[in-house]
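Novice: Line order of the protein sequences matches chains A and B. Each step along the first sequence adds one to the number in this note's numbering, with nothing skipped, and position 118 is 1146. Each step along the second sequence adds one to the number in this note's numbering, with nothing skipped, and position 981 is 995.
Take the hints with a grain of salt, since some may be wrong.
Cβ pair distances, simulated, as ranges [claimed, not checked]:
no., chain 1, residue 1, chain 2, residue 2, range
1, B, Phe842, A, Ser1106, 34 to 44 Å
2, A, Ala1196, B, Arg813, 29 to 39 Å
3, B, Phe842, A, Asn1200, 38 to 48 Å
4, B, Lys735, A, Asn1200, 33 to 43 Å
5, A, Val1046, B, Lys735, 31 to 41 Å
6, A, Ala1196, B, Glu791, 56 to 66 Å
7, A, Asn1200, B, Arg813, 37 to 47 Å
8, B, Phe842, A, Ala1196, 34 to 44 Å
9, A, Ala1196, B, Lys735, 31 to 41 Å
10, B, Pro1160, A, Asn1200, 51 to 61 Å
11, A, Val1046, B, Phe842, 51 to 61 Å
Sample of chain B residues with no beta-carbon within 10 Å of chain A, all distances over it, derived [unchecked claim]:
no., residue
12, Glu177
13, Gln224
14, Leu354
15, Ser438
16, Ile461
17, Trp498
18, Glu637
19, Asp658
20, Leu705
21, Glu720
22, Ala731
23, Cys1208
For the record, the hints were derived by calculation from the structure and aren't laboratory data. Here a beta-carbon is modelled for each residue, glycine too, at the ideal position from N, C-alpha and C.
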Amino acid sequence: MSFIEFENVKKVYTNGEVSIEALRDVSFTVERGEVCVIVGPSGAGKTTLLNILGGMDTLTSGKIRLDGKEVSAYDKRSLITYRRRDVGFVFQFYNLIENLTALENVELAAQICEHPLDAAETLRQVGLGERLNNFPSQLSGGEQQRVAIARALAKNPKLLLCDEPTGALDYNTGKSILQLLEDTSRKSGMTVIIITHNSALTSMADRVVTVRNGGIRSVKLNPSPTPISEIEW
Amino acid sequence: MAILAIIVLGSGFFVGLRVSREAMTATGARYLEETRFHDFTISTALGLTDSELETIRRHPEVEAAEGSFNANALVEIGGDTGGSSGVVYSFYSLPSEVDVPALREGRLPSAPDECLADAWTHMSVGEKIRVAPENDEDTLELFTVREFTVTGIATSPLYLNYERGSASIGTGSVTAFCYVLPEVFDSEYYTSVNVRTADMPESFTDDYDQRSEELEDELQTLGETLAQSRYDTVVADAQKELDEGIADYEEGLEEYNTQRADADRELADAAKELEDAKKELEDAAQKLEDGRREIDEGWRELEDAETQGRQEIREAQDELDAARVTLVDGEKSYEDGLVLYEQGLADYNAGLEEYNKNYSEYEAGEAAYAQGLEQYNAGLAEYRENEALLKAAGEELEAARAQLEENQASLDTLLDTLAGLINSYVGSTLYSDGAALKDALLAGDPIAVYAVDTALAALAAYDSSLPKDSAELIGAINALAAGWEEYNKNLDEYNAAMDELADAWVTLEAAREDLEITRTMLDAAKAQLEDGWAELEDARLQLESSQGELEAARAQLDEGWLDYNTGLARLMDAREELERSLREARSELVDAQAEIDEGQKEYDEGLQEYEDGLREYEEAKAEADEEFADAKQELDDALAEIEDAKAEIADIEVPESYILGRWANVGYACFENDTGIVRSISKVFPLFFFLVAALMCTTTISRMVEEQRTQLGVLMALGYKPAAIAWKFLFYSGVATILGCAMGILSGSALIPLVVWQAYKIMYNFSDEIIYYFDVELSSVTFAAYLASMLIVTWVSCRRELSDTPANVIRPKAPKAGKRVLLERVPFIWRRLSFLWKVTVRNIFRYKQRVLMMVLGIAGCTALMLTGMGIRDSIQNVVDYQFDEISHYDFTVTFDGGLTPEEREEFTSGAENSASETLFLHQSSFTATANRTEKDVELCAVETDCIGRIEDFVDFHRGSTHLPFPEVGQVLVNSGLAEDLDIGAGDEIALRNGDGEELTLTVSGVYDNYIYNCIYISASTYLEETGREPEANSAMVLKAEGVDTGAAIADILGMEHVVNVSASEDLRARIGSMMASLIYIVLLTIGCAAALAFVVIYNLTNINITERLREIATVKVLGFYDKESAMYVLRENIILTVLGAAAGIPLGLALNAYVIHAIDIDLISFRPRVLLPSYILAVALTFLFSLLVDLMMCLKLNKINTAEALKAAE
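Excised from the complex, chain A in its bound form (with noise of 0.2 Å):
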């Protein structure tokens, strides 16, 4: 029993006599505590796949499974406390709340959930110890990116989706980033999906899995994923 299941997972758009299958057939599987990362080129249905497993979207057809649970089954409702509680979000523009300081943006997502971690102990965990008070427009991008993630872990969840975390952030930034969520996964077993066009990330995953047009490509597996630091693009 994989951590993460997809199982003939079909995600069709319909806007009046327009349809658009976005997902078609889409199988895989991602154990727990794996960096899986997601290829492909844009409009591939990376997102859609990200958004349907992070209960921000609903699948037309098939099943999604996380910890054995049929994700795609919930209602609304459970949907809502699915993410809530299990799934971290790291979006490609940090999506922060302005008018919240960073230990409060951490705060923000920790207090709705169970068995949140220490907001400012996180927020140092991802080296922001000395900014807890600033708001995101007074923090770099990599610092907003760095809230983020805290943010997204500060939930404690059992899943950390990434989409794009590192698109608006320049190199070494970016590899920073890559680096803590690296870290993350490797430190607390917890398993990170992340999304990104770059084939170049491939080889710090344990797993790829190449999406292209809407369907599952390949799915590769990496038995020695190397590490961020050692990558060069």
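Given the structure of chain A, go ahead and fit chain B onto it with the hints provided.
Specialist: Chain B alone, transformed into the frame defined by chain A:
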């Protein structure tokens, strides 16, 4: 689309409401023009005739004039025959030139028994209307026809609204009007002449009012002329009639007199004949009477004579008998007397003898006495001698004694002295006193002797009279003692002699006493003897007289016997005579009686004849008298009438003429007032709407521009010129505005007046539709304003983006930076807040502009609703407030002039069924001036003795403070006036009336009052200022309990001098219905405010959400439940709604106050008031809308596709 909606609402309401007033007045004016409503109505107390009508028509200002008949009468409707039950109709003659009714249904009446019915009554064609028989004579006589069939239903320009006026009959109020042909009225004069003047401005405008006033003044002179002419005519007619009447009367009087004279004469003759006859009969009767009487007398005389005769005889008999008895008695007495005399004589002689004896005894006694007396006198002389001797001896003794005593004394003294001297000389008490010394001396004591010698030798030097030595002294002492002895012997002798003398006296005394006794006895004996002699003398005389008497008596007796015998003989003769004469008299009397009886029979016949004649005469006389009495009565009545008529004619005064403009017509005035209200409201309200709407649109447009930001950026990047790009937006907003305004203005101009008119149709039925008034000016202005503001805003918003670099513009706008808020500085509160609250607070301060807009928008809408309701509160409760707390009186009565105290009494007692209390006062119109502002007021002057009662009628207070009645020189002013003239207590105010009288008074206080401008002063103030007593031309009346108002009004109207009665109830009702119509407007306003609120909140929230979509999506993604996510956004809304509502309340109050003050109606001054329920309602509604919007937003929020939202600029 929200923009469109807002613009439609804003412009529509603005223009619509503004235009409503014009529409209403236009509708009204059109109706009045169509029906040719009068500009003036002219009347006099004597009415007007065709000649006056001609005069009026000739007046240069008059365009058309028509005479009108009008009368109120009780009516029966349809099949009712059971009486009118008090329903009163006001009948009018059907006019053709002025005040022509507007036909709704059917046709005009063409025959006298046809009529037009009042559309308000909902009668139908064919129904019957009858003038009820229980109307009074005068009313019934006014109508030549009394039953009418309805041929048509119409409205009348005289009655724009539902009020039909009051009447002095029936229920007190007129139910409906009814038009009949002029021929129906049997009246010589028109009730009024209705006039249209030339070139009048539009109705309901200030120009019209001004022109009307000018013309009214001009027409006053015309009125006076008419009144005068009317007066002349009436008086002339009356005088003519009177003269005719007088002529008739005089004719009649003459005839009467002639006929009377004839009749009298005939009767007099007849009477005379009867008199004569009567006289004759009387004589005859008299004669018979006399005869009878004579006979009776004769009989009586006969009887008397008989009786008397017999009596005399009897008497004579008696006399003789008595004489006899007397004689016999006399004989006896004589015998007795003789015996007595004899006896008496014997007694006398015996007495004489005794007397002589006693006399000799007495004489002896006298002799003895004389002797005794002599002896006594000798003894007494002896005694006196001895007495004198003794007395002398006594005196000698006394002298001797005195001398002895003197000597004794001097001797004793000397002895004492000597003793003393000796003692002192010796040096001890040798001799206790002189006595001891004496004893010693006498005893031959040598010491004593020696001592004394010595002492005396010493003393001799001083006093030579003293003894020289003791021997002398002793000698003196012895001499003295001898002297005393002798004295004592003499004394004894004297005393013995004295005793003897005393005994002698005693003896003398005894002898004297004896003599006295004897004397007394002798005197008594003498007296007795004298008495005895007197007695004897008397007895002797008596005997002599008795003898004489006896002799006389004898003689008398003898004479008496002689007379008696004579008398006896004469008596017998008399008896015989008597019998004979009686017999003769009797026969005479019987003859006489027979004669009388015959005479009586004749008399009876004559009497009968007379009586018949008398009866005939009396009958004839009675008839004649009656007829003449009637005739006389008629003549007297006629004379009285003539006198009355003369008085009446004299009483006729030149009547008042009344020139009344349109303002006097209740319907017109009410309509004007109502349009005034609409205008007032329309002044302020819609502007506010406009502003709010404009503001909202501004926000929306700028938001929209921002939304389109990326597009804008792209266009810029593509190379489009900024102007071109801007044009796009301008075009969009411009079109929206144009469309919106067009729709709004058109629909507003159409709908809102319609709604308003629907509301007012409750009261006004003269037109079903309202004229739609398109105010080009206003619409254009509105249009331009909206367009301008929209375009400007659009341009400004665009400019901001357009001035930026395309690249920046393309990029989504950076979210606004977060910042610390002030509240964070208060850790106490800040720490307690949960996140979500922290976010909310920070958000509020972050999006200041939006927050401000939201708060303003909500505040504005709360304010509008509050104002809407406040208007209703302020206006509606005015009525209750005025009549429950200020004006307690039920009626105000207007009289035709000042009432005298007697007239007041009459009124009070006459109206006592309807009025429980009456207060007379003076009321007249004045112009009040202060602070260079003028206002018309009603001045009320109250008599000093009524001031105490005024509390029952009007409650003067300001807020909760009670105000006292003003003093002399002061005036109590109502709140409305005080506000208009900007005066308060202590300020001065000048009052001036049409007669030029002026008063300058100090304001004593300002009392709350909403209806009419009434100011109060005391009668004394009036007198002081004008020099004239104010007339009691008005009264406030409290209705009696349990009495129907209409009946009371009718009752009071029917009283003398009463010209008008207005009931507070009616005013209350009128204002109440005014308010009822207003409710619709208010509801409309509230509705629009609500809609606006809704739109505002929706719009702003929408913008808010749109701006923060990403944020919201993030939060959702984070795992916030739907509700939590919603609250995240909507929490702000709630706070803002609270703030907005809170801000809206004072704003609403201010706006309310402003609007209320702007409502300017003549009658009423309002006081801004908002009741608690209104507050609650306004706030509640605001929250309700906010909540509704929030709910809608929730739905929208839930639909947010988080994935989409977060994708953003990918």
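Novice: Taking the hints in turn, state whether each one holds.
Specialist: So, going through the hints one by one against the coordinates:
1. B/Phe842 to A/Ser1106: 34 to 44 Å: With a Cβ separation near 40 Å, B/Phe842 and A/Ser1106 satisfy 34 to 44 Å, so the hint holds.
2. A/Ala1196 to B/Arg813: 29 to 39 Å: 30 Å, holds
3. B/Phe842 to A/Asn1200: 38 to 48 Å: Holds: the Cβ-Cβ distance is about 44 Å, inside 38 to 48 Å.
4. B/Lys735 to A/Asn1200: 33 to 43 Å: 42 Å, holds
5. A/Val1046 to B/Lys735: 31 to 41 Å: 35 Å, holds
6. A/Ala1196 to B/Glu791: 56 to 66 Å: 58 Å, holds
7. A/Asn1200 to B/Arg813: 37 to 47 Å: Holds - the Cβ-Cβ distance for A/Asn1200 and B/Arg813, about 40 Å, lies within 37 to 47 Å.
8. B/Phe842 to A/Ala1196: 34 to 44 Å: 39 Å, holds
9. A/Ala1196 to B/Lys735: 31 to 41 Å: 32 Å, holds
10. B/Pro1160 to A/Asn1200: 51 to 61 Å: Roughly 59 Å apart at Cβ, these two residues keep to the hinted range, so it holds.
11. A/Val1046 to B/Phe842: 51 to 61 Å: Taking Cβ atoms as reference, A/Val1046 and B/Phe842 lie about 58 Å apart, which means the hint holds.
12. Glu177: 65 Å, holds
13. Gln224: 65 Å, holds
14. Leu354: It holds; B/Leu354 is separated from chain A by about 185 Å at its closest Cβ, greater than 10 Å.
15. Ser438: At roughly 157 Å from the nearest Cβ of chain A, B/Ser438 sits farther out than 10 Å, so the non-interface label holds.
16. Ile461: 170 Å, holds
17. Trp498: Holds: least Cβ distance 174 Å, greater than 10 Å.
18. Glu637: 127 Å, holds
19. Asp658: 103 Å, holds
20. Leu705: Per Cβ check, B/Leu705 is outside 10 Å of chain A; nearest 31 Å; holds.
21. Glu720: 16 Å, holds
22. Ala731: Given a closest Cβ separation of 21 Å, the condition holds.
23. Cys1208: 14 Å, holds
The structure agrees with every numbered hint stated previously.
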